[in-house]
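Undergrad: Turn these sequences into a full structure, and let the hints steer you where they fit.
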Amino acid sequence: MFLRTCGRSLKFLNCQPLVRSRSIRFQGSLHGSTKNVRHSNASLAAVAASLISGIVLGLYTTKRLRSNKQTFPLSSITPLNDLSPPQYGTDEDFANCIKELMELLPDKSVTTTEVEIEHHTDNGFNPSKPLSHQRPKCIVYPSSTEEVSAIMQIINKYNIPVVPYSGGTSLEGHTYSTRPGIVLNTSRMNKILAVHVDDLDAVLEAGVGWQQLNEYLANHEGMENLMLGCDCGPGAHVCGMVNTNASGIAATRYGSMGSNILSIKAVLADGTVVKTKQRPRKSSAGYNLTGLLVGSEGTLAIVTEVTVKLQVKPAYETVAVVQFPTLRDCTNAVATLFKKGIQLNAVELLDTEMMKCINYSNLISKSYENLPTIFFKIAGLNEVVVNEYIKEVKKVSQDNDCKMFEFAKSEEEAEELFSARKNSLYMMLDYGYNEIDENAKMWITDCAVPLSRLASTLEEVKNLMSQYPLPHMVLGHVGDGNFHCDIFYMPDQYQMCKQIVREMTEITLKNEGTCSGEHGVGTGKRAMLELELGENTISMMRKLKLALDPKRLLNPDKVFKIDPLDESDE
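Letter by letter, the sequence shown follows residues 1 to 570 of UniProt numbering.
Treat the hints as calculated values from the structure; they're not laboratory data.
Please note that the accuracy of each hint is not assured.
Stated by the list, open to error - With a Cα cut of at most 25 Å, we get these calculated BS3-like pairs of lysine-lysine: (1) LYS395 x LYS340; (2) LYS309 x LYS191; (3) LYS422 x LYS356; (4) LYS498 x LYS129; (5) LYS137 x LYS157; (6) LYS422 x LYS403; (7) LYS403 x LYS366; (8) LYS366 x LYS409; (9) LYS191 x LYS129; (10) LYS422 x LYS409; (11) LYS339 x LYS391; (12) LYS462 x LYS510; (13) LYS137 x LYS99; (14) LYS99 x LYS157; (15) LYS313 x LYS409; (16) LYS313 x LYS157; (17) LYS394 x LYS339; (18) LYS510 x LYS498; (19) LYS313 x LYS394; (20) LYS409 x LYS395; (21) LYS394 x LYS356; (22) LYS191 x LYS108; (23) LYS543 x LYS157; (24) LYS462 x LYS441; (25) LYS157 x LYS108; (26) LYS391 x LYS403.
Note that the structure is a prediction, hence the values are computed from the model and not measured.
TA: In structure tokens, the structure reads:
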């Protein structure tokens, strides 16, 4: 029985004992002589002894071989309950890790000062706040891909959790140190490495801001008419824009960040450096690893370089402001324009409450009716082309019962008109602190639906908000079906606001939408992401995470749960 069981085990493990196999031949038959029986028994005993010694040696050898290799489950997904809690380094491991990092890096590249720790604990933009224990222990500032690689080799050696960080403008707790460890800040990696004017691309280090790039291009001869099309929040760096697939006002024309990337250089959890693609605009060479890293929020790799597409600034551009009686009239007009193929560089929706806020601010020279309003950016090769577009936009708007239509007659007027949309965040904050309460907070939501569902979704959201006593305003990147319902609440109304946001997201999902159009998931929307995609899809993501980061060191607990003991409802 022992031989039979061990034989099956050897066959399953596909290994052989390190002894020469013997061919067994029985002499005689059941009725043979005693001599032959004794000879057969002796032979059998010898063979059995040989097999047993071989099996023991084989199993010992197999154990030694397997101890140096990762055991990878055969399932295609990794459900959370299939995991054990992650095992991170001890206090002694952490101390040794920091010691090696300080020996590796120049002075002031590794810091544990209270000011730095506090700065990297919470950027002040996230509705949910880190718990008392969710603070990093150390901040590390690399200056190159090579340094990031060396840092990660040391971090991997000691099993220390690490949070990638750069611009620090995220809104969903992406940079919280849920497992107190190291924050790796790439903001000092801020060189523009190359600009290929004829190819319309640029190679950037992780800490380059999109505004920094555009200013650089504007001030260099031969590059003045180039820009990065993705224009998300001020202060954002390209690595973070990759990690959240950031968008912005110009996404209607140029797409989200993922549409503006040619290649990514990144460092994996064990320090391995990878490059996802070369610079051609198209490629069928292997997996789309660039796409895999876009939106991964630092959970798969640390982005250190990005090759981005550059866009050509419009030769001529103007702004039109159009007011409609209802939100449905707004979205119907936009849908008609898209179906006609009219080129629109921006399509921004502001609801009635947001227009009240703009009028309250007195930051623009005229006031508007408190009606749903769309701000269009219309561009073309020259003024003649743009004027023809304006005529068509005006006609479509009038067909959809617009109450007011105006467009800028000069570049200065266009700048002023669009400033009402561009500065809306500051106008909202000013309104909230002065008219609601100086202690009021603002929760910036982020949902997106197909354009055909936008009007009905916004109507449902409006009905939802009418059931609660919280002031709110809606902004929408209408061309993408992306909208933000920004809700004011007092600190003691946090749980109420959180419930509203969940119900709002459920309305969005019911309308075939997504829980995040551009802000990402972080820790704040993990439950909503699973509601949107389902448990199997999340388990597939978890499988990819563990394949690249088996120790779960990179930005742990973001996007989805990695610990079966994690009882958070987010």
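Undergrad: Against this structure, judge whether each hint is valid.
TA: Each hint tested on the structure:
1. LYS395 x LYS340: holds, 12 Å
2. LYS309 x LYS191: Holds, at roughly 17 Å.
3. LYS422 x LYS356: holds, 16 Å
4. LYS498 x LYS129: holds, 13 Å
5. LYS137 x LYS157: With Cα atoms ~18 Å apart, LYS137 and LYS157 stay inside 25 Å; holds.
6. LYS422 x LYS403: holds, 23 Å
7. LYS403 x LYS366: Distance of about 16 Å is within 25 Å: holds.
8. LYS366 x LYS409: At roughly 15 Å apart (the allowed maximum being 25 Å), LYS409 and LYS366 satisfy the hint.
9. LYS191 x LYS129: violated, 32 Å
10. LYS422 x LYS409: holds, 19 Å
11. LYS339 x LYS391: With Cα atoms ~16 Å apart, LYS339 and LYS391 stay inside 25 Å; holds.
12. LYS462 x LYS510: OK: LYS462 and LYS510 at ~15 Å, within 25 Å.
13. LYS137 x LYS99: It holds: about 13 Å lies between the C-alpha atoms, which stays within 25 Å.
14. LYS99 x LYS157: holds, 13 Å
15. LYS313 x LYS409: holds, 19 Å
16. LYS313 x LYS157: violated, 48 Å
17. LYS394 x LYS339: holds, 15 Å
18. LYS510 x LYS498: holds, 19 Å
19. LYS313 x LYS394: holds, 24 Å
20. LYS409 x LYS395: Cα-Cα ~18 Å, so holds.
21. LYS394 x LYS356: Given pair LYS394, LYS356 holds - Cα atoms ~24 Å apart, limit 25 Å.
22. LYS191 x LYS108: holds, 19 Å
23. LYS543 x LYS157: holds, 22 Å
24. LYS462 x LYS441: Between LYS462 and LYS441 the Cα gap is close to 20 Å, so the pair holds against 25 Å.
25. LYS157 x LYS108: Given pair LYS157, LYS108 holds - Cα atoms ~23 Å apart, limit 25 Å.
26. LYS391 x LYS403: Answer holds: LYS391 to LYS403 is near 16 Å, not above 25 Å.
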